[in-house]
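Trainee: Using our numbering, the letters of the sequence shown correspond one by one to residues 130 to 270.
These are calculated hints, taken from the structure and not from any lab test.
Every residue gets a Cβ at the ideal spot worked out from N, C-alpha and C, and that includes glycine.
A couple of the hints might just be wrong.
What the hints assert, rightly or not - Pairwise CB distance ranges (calculated):
hint	residue 1	residue 2	range
1	T251	E133	23 to 29 angstroms
2	G215	G240	14 to 20 angstroms
3	G262	C149	37 to 43 angstroms
4	G224	K157	35 to 41 angstroms
5	R226	K157	31 to 37 angstroms
6	A225	M196	14 to 20 angstroms
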Amino acid sequence: MDAETVVRSYLTAGDAGAECTLAELVAKDVVTHAPGRVTIAGREATIATWRAARGGLSQLSHRVMEMVTRGDTVAVRVEVSGLHTGTFLGVPPTGARVTVDQALFVRLEEGRIVEMWEIVDTAAGLQQLGALGPRQLSPGG
Numbered sequence: 130m131d132a133e134t135v136v137r138s139y140l141t142a143g144d145a146g147a148e149c150t151l152a153e154l155v156a157k158d159v160v161t162h163a164p165g166r167v168t169i170a171g172r173e174a175t176i177a178t179w180r181a182a183r184g185g186l187s188q189l190s191h192r193v194m195e196m197v198t199r200g201d202t203v204a205v206r207v208e209v210s211g212l213h214t215g216t217f218l219g220v221p222p223t224g225a226r227v228t229v230d231q232a233l234f235v236r237l238e239e240g241r242i243v244e245m246w247e248i249v250d251t252a253a254g255l256q257q258l259g260a261l262g263p264r265q266l267s268p269g270g
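Build the full structure now, drawing on both the sequences and the hints.
Mentor: Put into structure tokens, the structure is as follows:
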């Protein structure tokens with residue numbers, strides 16, 4: 130499987146809750162560098178993160194908007210959406226549809242994901258959930 134196919138398969142498996150497939154696509158010691166300087170270390174923690182996301186957002190979907198590969202690294206711009214039916218980012222369910230932008234830099238070794246850097250527009254998601262008002266998003270506000 131080429132690098133782009135691995136990344137697309139990873140996103141599809143995560144959305145579907147296909148944990149066995151996720152386990153095949155990521156290295157045992159995979160590391161994700163997430164917003165807020167959070168580090169998610171290991172295959173099981175990665176799978177648990179997907180489980181938590183699906184627990185908060187049903188109909189979870191990662192739509193690939195753009196993907197670029199150089200060597201063993203894939204950069205991908207994604208539109209993430211879901212229906213807020215469970216607690217997510219500390220916010221109780223609202224039933225709102227949430228759509229945010231995400232960028233991932235994914236490094237592979239021997240056909241498996243070994244490291245990811247993730248950037249997500251969390252503020253937009255919180256605003257859509259009613260947990261962050263427009264005024265709070267303005268500079269100095």
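Trainee: Do the Cβ positions of A225 and M196 conform to the proposed distance bound of 14 to 20 angstroms?
Mentor: violated (28 angstroms)
Trainee: Lying within 37 to 43 angstroms: is that true of the beta-carbon distance G262 to C149?
Mentor: holds (42 angstroms)
Trainee: Using the beta carbons of T251 and E133, state whether their distance is inside 23 to 29 angstroms or not.
Mentor: At roughly 26 angstroms between Cβ atoms, E133 and T251 fall inside 23 to 29 angstroms, so the hint holds.
Trainee: The hint says 35 to 41 angstroms between G224 and K157; measuring C-beta to C-beta, is that right?
Mentor: Given about 38 angstroms between the Cβ atoms, the range holds.
Trainee: Given a hinted range of 31 to 37 angstroms, is it respected by the beta-carbon distance of R226 and K157?
Mentor: This hint holds: roughly 35 angstroms between Cβ atoms.
Trainee: For the pair G215 and G240, does the Cβ-Cβ distance stay inside 14 to 20 angstroms?
Mentor: violated (33 angstroms)
Hint violations for this structure: numbers 2 and 6, all remaining hints satisfied.
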